[in-house]
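Asks: So you can see what is in the structure, the chains are spelled out below.
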Amino acid sequence: MKLLNHTSKYLAILLVPLITIWAFIFYYAMLDEIYDSLDDGLENQKILLLQRLPTNPEILEHTDLELWNHSITPISKTYHDQFTERYSDTLMYMLNEKDFEPVRTYETKMAYNDVYYKVKFITSMVEEDDLIQDLVTYLIVLYAILMITIVVLNNLMLKKIWKPFHSLMAQLPNFRIEKNHQIQTKDTSIVEFKLLNASITTLIEQSRARYLEQQHFIENASHELQTPLAISINKLELFLENTNLSESELNTMASILDNLGRLTRLNKSLLLLSKIENRQFTDEEMIDFNQLIITITEDFEDLASHKHIGLKVESIEQLHFQTNKDLAIVLLTNLIKNAIVHGQQNHTVTIGITHNSIVVRNYGLEAALDSNFVFSRFKKISTDKKSTGLGLAIAKAISEKYRIELSYSYTSQHIFSLHFPSVS
Amino acid sequence: MKLLIIEDEPEMLENMVQTLERQHYVVETASDYKSALHKIGVYDYDCILLDITLPDGNGLELLKALKSSGKDDGVIIVSAKDSLDDRLEGLNLGADDYLPKPFHMAELHARVKAVLRRRHFEGNQQINIGNVAVAPESREVKVDGNPIVLNRKEYDILMYLITNKKRLVTKSALAEHVWGDHIDQADSFDFIYSQIKNLRKKLEHATITIEAVYGVGYKLEVM
Chain A
1 MKLLNHTSKY
11 LAILLVPLIT
21 IWAFIFYYAM
31 LDEIYDSLDD
41 GLENQKILLL
51 QRLPTNPEIL
61 EHTDLELWNH
71 SITPISKTYH
81 DQFTERYSDT
91 LMYMLNEKDF
101 EPVRTYETKM
111 AYNDVYYKVK
121 FITSMVEEDD
131 LIQDLVTYLI
141 VLYAILMITI
151 VVLNNLMLKK
161 IWKPFHSLMA
171 QLPNFRIEKN
181 HQIQTKDTSI
191 VEFKLLNASI
201 TTLIEQSRAR
211 YLEQQHFIEN
221 ASHELQTPLA
231 ISINKLELFL
241 ENTNLSESEL
251 NTMASILDNL
261 GRLTRLNKSL
271 LLLSKIENRQ
281 FTDEEMIDFN
291 QLIITITEDF
301 EDLASHKHIG
311 LKVESIEQLH
321 FQTNKDLAIV
331 LLTNLIKNAI
341 VHGQQNHTVT
351 IGITHNSIVV
361 RNYGLEAALD
371 SNFVFSRFKK
381 ISTDKKSTGL
391 GLAIAKAISE
401 KYRIELSYSY
411 TSQHIFSLHF
421 PSVS
Chain B
425 MKLLIIEDEP
435 EMLENMVQTL
445 ERQHYVVETA
455 SDYKSALHKI
465 GVYDYDCILL
475 DITLPDGNGL
485 ELLKALKSSG
495 KDDGVIIVSA
505 KDSLDDRLEG
515 LNLGADDYLP
525 KPFHMAELHA
535 RVKAVLRRRH
545 FEGNQQINIG
555 NVAVAPESRE
565 VKVDGNPIVL
575 NRKEYDILMY
585 LITNKKRLVT
595 KSALAEHVWG
605 DHIDQADSFD
615 FIYSQIKNLR
625 KKLEHATITI
635 EAVYGVGYKL
645 EVM
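Protein sequences appear in the order of chains A and B.
Numbers 1 to 424, taken from our numbering, label the letters of the first sequence in order.
Numbers 425 to 647, taken from our numbering, label the letters of the second sequence in order.
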């Protein structure tokens, strides 16, 4: 859930009890005020009545409460002395409403010319049920208006306020340390966002610096290894020429040479990988992949036939794509070599080419490989000690460089597919 | 043939001198920028092997100095820094070839030989070895005057072995030279044996033989 809706949600929940409690308080406060003013009015009527009485003695004959809104009844002195005036609520039939409606009554006493009277005043009162109904309706409307205002304000204002944050969030998922992406921070006057921007910029700069340092370390280490490797290999080659060795001694020498060769290949692969990632291959040309694959498979024919594996190129359509030529060769070589090295005897490695894809298929282990690790560095699929474990990682790095999609799947054959982006 | 090796790593230099002297070249050396500059200024060489990372200067500057003085010595850049930029710059400055370290001795011989052939218009010349004659231009091979048909790989193997005649050529050197740099990660170089076998069959009337050096490689011998 978005942060924006989150605050709105909590406000919506919180507002319900808040408005309810407020409604109760408001209702009773208002009712209290109404009673107060009604009672004042009734008392005022009594004073008016007493004032008019000397000039209008017929008032004393007003006994019909419903007609005059007051009634005067003579009472005994004893009753008069014991009587305390009181206000009360009661129901009275209203002709217009054709229903009993609440009325406020005020019962009091008076003495006039030594005669004692009980006087009762009434006045019509608010209809509480109507009041409550109205109140509830208006509160629901208020609640709705409040919520709409909050959501709209949140969406407009908060969106604006959180802009620097959202702009960062939109960029971070696409950030790749190996690519020279810059994170653009938006200027802001909000302290927290300023801090966030500064922290992220520093974090990225530092990480990239470390990453480049590491890349250069790998590159430098590989370079530094080349000369001692060259010296060792060449010394051994000269030694082998100059000395007559027995078969077992030759075997040992061959093994040393082989291992130095492996070391050289591993070193070259590491160097290549860091060079691809450091974007050192900038030259590009239009490559005829059909022709290139035919050339590469020619180089591999002997290896394949030595392993009793057939090699078949199915050029269904022509594929031309702009890449660096050396990298195109490495990419296809690694995929085809991988298929042959891990291929099964007496089966065929098939390379299919369409206008936007190259698919390399080989029979091998009868189980799918873990596609999460197929392209990882130093993940060796077989126990083959001569593979560097970098071939597919290099293929992946090259395909990513050119936005070619390299994927692995298994359906009775191991399938490595390259999907080329359409040229715009 | 006179060669100059410019290389600051003493052991590397010693290996190269040793192997090239056995190919009957006259080999001179320089191990820093200054002495190298002096030597190329005073003497002419048929081929210069140039390391571009020198302690007191860049080998590419030497190449520039050489070319600007109008000299036409063959130059092979030898570098531990197999960088595309260096390779391109070197070739643009007029180097004949670029050989990244580490390399096989057999490959060094082949590259030097190729440069010398180009320099001295030997490309058209027929190479005779035993009763075998090879015409590099047309890639034709004759045994006792009778042409034999070799496929591309067989021809490349034969030429490589001839260039390194009587010397050990390791299987990996041969594989990388003939099958390309990218074959190098193949799981075994045993696959080259079938081409050797075919080549031997085609050379059965020749006075040269391809001998296996157990487990290590091959050697071309002249009977």
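Read the hints as simulated data drawn from the structure, not as lab findings.
Any given hint could be a false lead.
[Stated by the list, open to error] With a straight-line cut-off of 30 angstroms between C-alpha atoms, the simulated DSBU-like cross-links for lysine-lysine are:
(1) A:K307 with B:K426
(2) A:K325 with B:K463
(3) B:K426 with A:K235
(4) A:K325 with A:K275
(5) A:K307 with B:K488
(6) B:K643 with A:K179
(7) A:K235 with B:K589
(8) B:K491 with B:K566
(9) A:K109 with A:K163
(10) A:K312 with B:K621
(11) B:K566 with A:K235
(12) A:K401 with B:K625
(13) A:K307 with B:K643
(14) A:K275 with B:K505
None of the values given here were measured: they were computed from a predicted structure.
Asks: Hint by hint, work out which the structure violates, then give me just those numbers in ascending order.
Replies: Violated hints: 1, 2, 5, 6, 8, 9, 11, 12; rest satisfied.
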